[in-house]
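Chemist: Sequence:
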Amino acid sequence: MSILVLEFFTSLDMILIWATDVELNICYKLFC
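Going by the working numbering, the sequence shown opens with residue 24, and the numbers climb by one from there.
The set of hints was computed from the structure by calculation and includes no laboratory data.
A virtual CB, placed ideally from N, CA and C, is assigned to each residue, including glycine.
Please note that the accuracy of each hint is not assured.
Claimed, not checked - Estimated spans, in silico, between C-beta atoms of each pair: (1) 28 - 49: 27 to 33 Å; (2) 25 - 54: 29 to 35 Å; (3) 25 - 46: 30 to 36 Å.
Generate the whole structure from the sequences, applying the supplied hints.
Modeler: So, in structure tokens, the structure goes:
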């Protein structure tokens with residue numbers, strides 16, 4: 024059970040990191 028929860032949060036973390044990365048790239052392309 025706890026392993027499933029851990030995996031869920033890990034994948035959520037990866038999605039958040041990916042989304043932040045995409046946002047940074049968009050900002051970089053807009054302002055540079």
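Chemist: Next step is simple, just say for each hint if it's right about the structure.
Modeler: Verification of the hints:
Evaluation of the 27 to 33 Å hint for residue 28 and residue 49 yields a pass: the beta carbon distance comes to about 32 Å. In this structure, residue 25 and residue 54 break the distance hint of 29 to 35 Å, their C-beta atoms being roughly 43 Å apart. The hint said 30 to 36 Å for the Cβ distance between residue 25 and residue 46, and at roughly 31 Å that hint holds.
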